[in-house]
Amino acid sequence: MIRGADIVVKSLIAENSEYIFGYPGGAIMPVYDALYDYSDQIKHVLTRHEQGAIHAAQGYARVSGKVGVVLVTSGPGATNLITGLADAQIDSTPLVCITGQVAAHLLGSDAFQETDVVGLSMPGTKWNIQVRKVEDIAPAIAKAFHIARTGRPGPVLVDITKNAQVEFGDFNYVPCLGVRSYRPYVTIDKKAILDAASLINEAKKPYLLFGQGVVLAKAEAELRAFLDKTGIPAACTLLGSGALPQDHPMYVGKLGMHGNYAPNLLTNQCDVLIAVGMRFDDRVTGDLKRYAKQAKVIHLELDPAEIDKNVKATVAIQGDCKDSLSQLTEAVKPSFHPEWMKRFRELENEEKKAVYANDLHGTHGGLHMGEVIRLINQFKEDDAILVTDVGQHQMIAWRYFDFKQTRTQVTSGGLGTMGFALPAALGAQLHDYNRQVICVVGDGGIQMTIQELGTIMQTKAPVKVVLLNNNYLGMVRQWQQLFFDKRYSFTELENPDFIKIAEAYSFKATKVTDRDELESAVAEMLLHKGPYFLEVVVEKEDNVFPMIATGCSVEEVRLS
Amino acid sequence: MNRYTILVYTENFIGILNRITIIFTRRGINIDALTASESRLDGIHKITIEVTVTPEQIIHLVKQIDKIVDVIKTYHFTDSEVVYQEIALYKLPTESLDPGLEKVIRQFNAHIIAAEKEFVVIEFTGHKEDTQALLEILKPFNLLEFSRSGRVAIAKPKFSVQEYLNNQT
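Chains as they are written, first to last, in UniProt numbering: chain A, 1 to 560; chain B, 1 to 169.
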């Protein structure tokens with residue numbers, strides 16, 4: 001017989017968890033006490049805030065493909081997870097979050113640090129449970145891992161009352177292999193494959209969109225094989241970036257509000273639209289009433305609730321896209337579409353002339369964010385990981401970063417969580433100390449979780465923080481300029497001396513204001529062994545283009 | 001907008017009802033009526049939800065409910081595809097019992113199921129329109145209280161949750 005707290009830790013070890021990201025407190029202290037004895041088997045990272053812990057776990061999960069583990073106390077410890085849960089839910093990130101809870105006999109009594117975290121987290125979790133007895137701990141954790149990592153992944157929360165942590169029980173870990181009410185995978189419908197293949201075979205202007213589903217299904221090779229056989233132009237969503245190397249001949253760019261010109265514009269000219277592991281988010285589709293109305297739509301998607309949700313599919317292929325893509329590749333005829341592809345390249349050149357030139361190669365005036373990303377590309381390793389926050393810098397970094405491998409981008413896509421990047425970069429770096437993790441952040445977002453510089457200091461994770469500082473909440477300011485008559489309502493920031501802050505946290509820190517200094521600074525940062533903080537003061541009022549304004553159609557994408 | 005009956009078969013799991021209802025709350029959709037009880041199958045609960053939505057909305061709602069881990073299977077039906085009933089109880093002062101009331105009870109085939117010195121309770125089952133009609137008639141008889149259940153329903157199309165559970169892939 002061992003204590004419930006030991007069962008918690010031994011269960012996490014049994015699931016091969018490498019890291020726990022957490023923060024102690026009263027209702028979880030027995031588990032922390034147990035952890036003291038297992039430091040040779042599982043590593044714990046003490047963040048500076050529970051939100052930092054969950055974002056770090058997200059960063060770890062997104063890069064590693066494993067389940068991120070979070071451990072916090074009841075009450076405020078638990079409520080501080082809510083943003084991360086909502087983020088992981090909308091971005092399909094597998095997490096198991098364990099929260100302490102007051103003793104079972106105190107539930108509902110408004111005891112100290114009691115909060116109904118099961119109720120609070122319900123809309124932001126794939127599944128959650130409260131455990132009030134020691135014998136239920138291991139089965140609940142086993143089920144939690146199974147649910148978090150299978151099907152469309154997502155965050156799961158296990159709330160464990162303090163009495164269960166201190167009671168004694170038998171430990172016999174049985175991994176969960178299935179839940180009868182939950183069927184994460186289905187057999188691919190052969191008829192749907194044949195219907196899709198015949199649409200593709202007859203298509204003159206087929207077009208493929210891929211999202212994070214390809215990454216989650218580990219279907220990168222299957223996607224390439226399909227594109228190699230069919231010669232169909234392919235564009236990615238924000239979270240799909242990296243699933244196909246950007247130098248692949250069929251890769252045509254990025255979708256969405258600040259994606260590339262051709263991929264957005266030509267959505268309304270294709271005859272067959274093949275969507276793989278993506279959910280037609282409004283940031284991708286713009287006005288749905290004017291989205292790809294001319295096209296037959298083939299949707300390869302694991303989650304049945306996503307099929308026909310935003311865009312009605314002519315042929316829906318429900319199932320894991322690793323299976324469906326390979327079956328579809330078998331079923332289609334080899335083809336190529338040089339004229340159609342040429343159209344993408346022509347428009348790409350237009351975008352390059354109108355946007356890239358200025359974004360990437362400024363010669364006078366303030367520095368542009370794109371110049372920093374161009375130099376990062378010049379010096380980074382092929383497997384470098386880009387972690388971004390939310391806003392202008394996120395869109396610019398995504399647009400220009402040279403994605404060569406899968407799982408090289410970590411960003412908050414669906415929820416748009418400012419403050420995500422710094423802790424997420426820490427989690428990504430802990431997965432592999434030897435890889436470059438480049439954390440690009442804005443001066444707004446970094447200050448939402450800036451305390452995590454302390455966690456980076458303590459773990460010695462060699463994160464490279466690139467702060468693109470325009471002294472504005474830049475994306476909001478851009479919208480104020482374009483849609484609110486330049487009324488810059490509460491978007492200008494009076495910022496601290498970031499270099500002093502970074503140095504206080506033992507970072508090697510450099511601030512660049514001149515174009516001449518930028519190249520050597522970026523090179524130095526990427527050669528540096530430990531944590532590095534590079535602040536680049538950029539043009540205050542730059543805008544991100546291309547842009548599809550809210551309510552506009554994809555064909556109304558503007559270059560300026 | 002159409003009236004639909006959603007039948008949800010679930011594990012008997014704390015919080016499941018909350019997980020289901022927040023799907024409606026989030027989308028600003030009102031639940032017309034909801035009934036939950038154990039089903040014919042051991043350990044499996046059946047939740048019957050009546051809702052008035054568009055054909056697109058009902059598909060969307062059912063998919064979202066079916067996505068819940070502890071939901072076994074969700075079905076939806078139009079009114080013509082289900083046999084359904086609602087039960088209503090009417091409390092009246094005993095002194096209102098007169099030939100007029102007796103006639104009404106006979107006409108509706110309602111029953112007096114409790115008779116106290118002060119009051120009687122009449123029970124009547126039917127569709128909402130029927131129980132509502134009786135309510136309107138009983139109001140002038142100094143109706144004291146009225147209570148109506150949510151819909152319980154049996155689907156006409158054949159399906160088997162047991163068979164679904166047996167076909168584990």
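If you're looking for bench data, these hints aren't it; they were derived computationally from the structure. Each residue gets a CB set at the ideal place from its N, CA and C atoms; glycine is no exception. Don't take each hint at face value.
Said to hold, decoys possible - To spell it out: a stretch of chain A is covered by chain B in this simulated footprint if at least three of its residues, at any positions, have a beta carbon under 8 Å from a beta carbon of chain B; those stretches are:
id: 1; segment: 116-126
id: 2; segment: 178-184
id: 3; segment: 295-305
Given coverage of the segment 116-126 of chain A by chain B, checked by CB-CB distance under 8 Å (3 or more) = Three-residue rule met by the segment 116-126 of chain A, so holds; n is 5.
Closer than 8 Å, Cβ to Cβ, for at least three residues: run that test on the segment 295-305 of chain A against chain B and report holds or violated.
-> holds (count 3)
Establish whether the coverage given for the segment 178-184 of chain A by chain B is satisfied; the threshold is a Cβ-Cβ distance below 8 Å, and no fewer than three residues must meet it.
-> holds (count 6)
Violated hints are absent here; each numbered hint is respected by the structure.
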